[in-house]
Each structure stands twice: as C-alpha cells, then as structure tokens.
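Chemist: Below are the chains, spelled out letter by letter.
Protein chains: 2
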Amino acid sequence: MMQVTSFEAEAAMAAPGKNQDHRLYLEDLDVGRRFTSATHAIDEAQIKGFATQFDPQPFHLDDAAAKATLFGGLAASGWHTAAITMRLLVESGLPLSGGIVGAGGEINWPKPTRPGDILQVVSEVEEVVPSRSRPDRGMVRVRSETRNQRGEVVQVLLAKLIVPRRAATSPQPHGELAAG
Amino acid sequence: MMQVTSFEAEAAMAAPGKNQDHRLYLEDLDVGRRFTSATHAIDEAQIKGFATQFDPQPFHLDDAAAKATLFGGLAASGWHTAAITMRLLVESGLPLSGGIVGAGGEINWPKPTRPGDILQVVSEVEEVVPSRSRPDRGMVRVRSETRNQRGEVVQVLLAKLIVPRRAATSPQPHGELAAG
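Protein sequences, first through last, are from chains A and B. Just so we're aligned: the first sequence equals residues 1 to 180 in our numbering. Just so we're aligned: the second sequence equals residues 181 to 360 in our numbering.
Simulated from the structure, these hints should not be mistaken for laboratory data. It is possible that some hints are incorrect.
As the list claims (entries may be wrong) - With the C-beta cut set under 8 Å, the calculated list includes, among others, these residues of chain B facing chain A:
no.: 1; residue: 209
no.: 2; residue: 263
no.: 3; residue: 288
Where a beta carbon is used, it is the ideal one built from N, C-alpha and C, also for glycine.
Whenever a hint applies, use it, and build me the whole structure from the sequences.
Modeler: This is the structure we're talking about:
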C-alpha cells in the first residue's frame, strides 16, 4: 500500500523524482509494457454497501431479487468494479510518477463481478504521446483488464492518463507555499 | 428516492410494467428526449472518504498536498463523480424500466469536482437500437452531462444501456422461483 504523509506527497508532486525513484515517467513507458496489480477479494457486504451508497438497484442489493433480473444473481455495480480497479492501480498496478491522473476513457463490463470474486488488474501501455504545448508532460493510453480468479475479464478500461516527463523543468515550488 | 422492497423489485423485474408504469421502455425513448436529475451536494468529507477507500492519492485526500499538483486544490476522484452520477440517474435522472443496466461507455472529466459543488445530471437519448436477436430488449445510447452549480460540465458519460421493450413476451417468471 502506498502510504504517504501529506508532506512527502507534496514534495513528491512538487519535485518529481524525489522520494519516488521507483515510479515511472513518460520516458519510461514503452508501448507494450505490462503491469500486474495485487488482488482484491470482493464479498456480498462490499457489493451491497457500495450499491446502497451509489447504485441502489435490486440486482446490486438483494440476491433473491437479482435472480429475477438479467444478472441472474447478485452482481456488483460496474462503478464498484471501476473503483476497486482504481485502488488496485493506485496501490500496486501502475506506478506512475505524479500518480494516476485520468482525463477520461472507455469502460466496458463484459461480465458481472460476483460475491467471492478475486479481482486483479493487468495493464498494458498502448500509446505514449508527449504533449506539444506542455513540455513537462504527455498522454499515455493504457488498457487495463480487471480479471476474476478464473481469468475472466469483468472490466476493460482504456484510460487516457497524464504523465510527467523526467526531463521536465521543475515548475514553481508550489509545495513550499502550500506547506506554509 | 426510489425505495423498493426486494419483493416489489423482483415483481417489477419479472413482470415488466407492473408497479412501475411511470418508468420507460425502449418504445418510449425517442432520440433527443431529455431528463434532468435531482441534485447532490458534495463536501470535503465525502471526497476524502471515497478517496481513502478507492483512490488514495494526495490530490483527493489532502488539500495542502493537492495545491502542489495539477489539480491546484482538493478534487474528487473521477470515479467518485461517476458514482454520484449513477446514484442521481438511478434515483431521479433516468426512469428506465428494468433499471439502469450499462454495458459500458465512454467517460470524460473536463473539470474537477470540488468540495462544495452541487452536482446535477442532464441526460439526452442519442440512439435507440432494438436488438435483432433478443425481441424483448434493445440498446439505448445516452449522453449524461454532470454539471456543477455554475453549469460547468465536470463529467460527460456516453453510456450504452440495455432497456426492455414494452411489447416483449414475458420471460419465465424466475421471480416466483426466487421468492420461494
């Protein structure tokens, strides 16, 4: 788990490269490079908890009701699968300098996530595009497949991420202002 | 708020049209039809709570650290904006028969969601395609813009949704089995 105090995080953000040499810059990301996250086990309580808060529909809340629907049984909200995928990417699946900052993307859920599933995210760099207007960053397109314990793909995310360049001129040290 | 007991939900799912005459079928959805949701006020505690659980990065967790980043201050995780959007759609923004069942879509976050924002979702039907293989349903493409209190768009979601047809032959009453 990435545990950072706010000061460390601030320093890392303000001065790329400091305290996070293991994290990757735009220059480090070749097309085809792959990453595999840790795993997350999802259970009925998590599924119902997320659904109660964000997606209160019978197929995400009640196993008996879900049986009568398209899902044929309790299934996690797709947004819950997306949120778990994000946590896996942030903590272990995609060690990017500057963190994982998405501008958007495409998302698909080929199969439902079920109680008892053990999720893992496999990501592959598909495109690397340095910014023409901002020499300190670029855009990376990453395909992240979220798979269950049987290797079935429950989510495909094609994300456009903003990634800093190693060679960038350091921006103004806003971190020091913010720390004051 | 849509409050359904599991029995009512089950009945509604198993026997489309029953107990949910106000909800819309494929036939009711013309291209250009628009829907406006209720509103949701997001605050710092919600932003940090979601981020702690699903997107633990400094710009979603700590205001001072966030100032030193691309975001320039605390911002909600895009997945949090997506989850709130889903709740608004489920409860008030898109009254579909059978609920809101997404196969996938495109998502973009043109601006960050900030503490104090009041979010509302405006949706428009962009395409309606009856299924060729399944006479009981079809696909609807809906564009949902999530806007803040200044009318700025913080998220655009182009979702492909599965919607039942009114004229469908009722499927096997799995609901009764499930209730037994």
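Chemist: Against each hint, give a clear statement of whether it holds in the structure.
Modeler: Do the hints match the structure? See the list:
{"no.": "1", "hint": "209", "in the structure": "violated (18 Å)"}
{"no.": "2", "hint": "263", "in the structure": "holds (4 Å)"}
{"no.": "3", "hint": "288", "in the structure": "holds (3 Å)"}
The structure fails hint 1 only (numbered hints given earlier).
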